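K.L.:
Residues per chain are reported as follows:
There are 2 protein chains.
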Amino acid sequence: MEEFRILEIKQSVFENNDRQADLLRSELKEQKTFLLNLMSSPGSGKTTTLTRVIEQLKDEMKIGIMEADIDSDVDAKTISGTGAKVIQLHTGGMCHLDADMTKQGIEGLGTEEIDLAILENVGNLVCPAEFDTGAVKNAMILSVPEGDDKPLKYPLMFSICDVLLINKIDVLPYFDFSIEKCTERVKKLNPDIKIIPISSRTGEGIDVFADWLREEVAEWKK
Amino acid sequence: MEEFRILEIKQSVFENNDRQADLLRSELKEQKTFLLNLMSSPGSGKTTTLTRVIEQLKDEMKIGIMEADIDSDVDAKTISGTGAKVIQLHTGGMCHLDADMTKQGIEGLGTEEIDLAILENVGNLVCPAEFDTGAVKNAMILSVPEGDDKPLKYPLMFSICDVLLINKIDVLPYFDFSIEKCTERVKKLNPDIKIIPISSRTGEGIDVFADWLREEVAEWKK
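These protein sequence lines are chains A and B, in that order.
Residue numbering for the first sequence follows my numbering, starting at 39 and increasing by one per position.
Residue numbering for the second sequence follows my numbering, starting at 39 and increasing by one per position.
Honestly, the hints are just simulated from the structure, not real lab data.
The structure displayed is predicted, hence computed values, not measured ones.
Any given hint could turn out to be false.
Said to hold, decoys possible - Which residues of chain B face chain A? A partial, calculated answer using Cβ under 10 Å:
1. GLU46
2. GLN49
3. VAL51
To be verified - As a list, the in silico DSSO-like pairs of lysine-lysine whose alpha-carbon atoms are at most 27 Å apart:
4. A:LYS219 - B:LYS70
5. A:LYS115 - B:LYS225
6. A:LYS115 - B:LYS226
7. B:LYS225 - B:LYS48
8. B:LYS100 - B:LYS70
9. B:LYS96 - B:LYS48
10. B:LYS115 - A:LYS226
Positions of the beta carbon are idealized from the N, C-alpha and C atoms, including for glycine.
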């Protein structure tokens with residue numbers, strides 16, 4: 039198992055988060071690092087999905103993962119077995135990451151030579167949607183057991199994401215979840231969002247997500 | 039289907055939330071209304087669990103439900119079919135309810151003659167744990183698909199609850215979730231917590247939760 043650091047994130051002192059986010063994006067553009075902000079409820083499968091997608095992309099690009107949590111290092115431990123570079127960020131109780139906190143993580147990770155950096159945000163469908171982290175793109179996971187009504191209840195999160203991964207489709211037979219209804223509700227909020235049904239357990243659909251990441255990273259490096 | 043109101047909650051002006059919470063509890067004690075604050079991640083089954091427990095208790099006591107959400111009225115619609123009094127609270131984007139917001143809900147619901155009031159908090163394992171709502175007891179739901187590692191990642195939530203309902207035990211065969219491991223992690227944070235495995239789909243374990251509520255309501259009315 040690879041080593042990883044635990045970084046205690048300090049609360050931001052900047053009042054204008056949007057400005058800090060734009061600054062971070064410019065820096066990432068210069069060093070040709072693509073940053074994805076991955077959000078979801080607790081337990082919808084962010085870490086497992088990451089282990090799957092790292093498997094598909096690690097031979098083509100250098101990947102760095104930031105695991106943000108209030109406490110514990112279980113996610114960084116999981117990722118450290120994949121060959122990707124990883125750092126665990128502790129948010130000191132904070133329910134989301136803003137741009138300055140993300141920048142602390144990026145600096146802790148060290149992005150020189152990293153092509154694809156992924157921030158696994160705190161598990162929360164509310165607060166992280168309100169803060170631009172400086173990421174190039176936002177992705178979210180909604181898992182089948184959570185229900186297809188979530189776009190109705192957490193509209194902001196579904197509105198600000200570029201990609202929605204519908205995870206745990208292997209358990210569709212055991213839950214009352216309609217991909218069609220969910221898609222309809224999401225597209226009403228966000229017509230341009232890309233929706234990818236996946237199972238991080240069986241690996242189904244992960245190639246589609248990997249293809250999307252591959253294209254985005256190539257585009258960002260131009 | 040019964041009628042219900044949608045109340046747009048105003049942000050609190052009080053600086054000392056703990057004081058407001060104590061005040062609300064005294065008022066509830068006077069009018070002999072027991073208030074439960076029910077918390078969980080999005081989609082772990084708060085509303086379905088409530089419909090089940092209302093079914094078991096509605097002939098013995100008058101029940102009022104406050105459904106807090108950022109948007110939508112789907113949960114209040116669901117509850118309005120049960121015979122309980124219900125009000126939908128819109129939090130204006132807020133990720134949690136504090137004591138003053140809860141008081142606005144209580145006033146909107148009208149608790150005269152209500153024996154058991156339940157606040158279904160915003161789906162979020164982080165922020166609601168930080169604010170005393172004025173409830174007499176706190177309960178939370180963790181559902182099997184979310185994983186048994188959640189106590190490690192969201193310790194505050196598990197520390198402040200009097201009851202933990204482990205929901206969706208009907209799908210235990212399809213997920214890698216150990217009730218034993220989960221219990222061990224939770225009890226380490228909170229030795230006095232009562233843990234009740236339930237399935238809001240099949241109804242299993244709901245009678246145990248109903249018994250607990252029955253006793254707490256009786257105790258509060260003394």
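K.L.:
Now tell me, hint by hint, if it's right for this structure.
P.N.:
Going through the hints against the structure:
1. GLU46: violated (16 Å)
2. GLN49: violated (15 Å)
3. VAL51: violated (21 Å)
4. A:LYS219 - B:LYS70: violated (43 Å)
5. A:LYS115 - B:LYS225: holds (23 Å)
6. A:LYS115 - B:LYS226: Holds, because 21 Å separates the two Cα atoms, which is no more than 27 Å.
7. B:LYS225 - B:LYS48: It is violated: about 37 Å lies between the C-alpha atoms, which goes past 27 Å.
8. B:LYS100 - B:LYS70: holds (12 Å)
9. B:LYS96 - B:LYS48: violated (31 Å)
10. B:LYS115 - A:LYS226: holds (21 Å)
In summary, the numbered hints that this structure violates are 1, 2, 3, 4, 7, 9.
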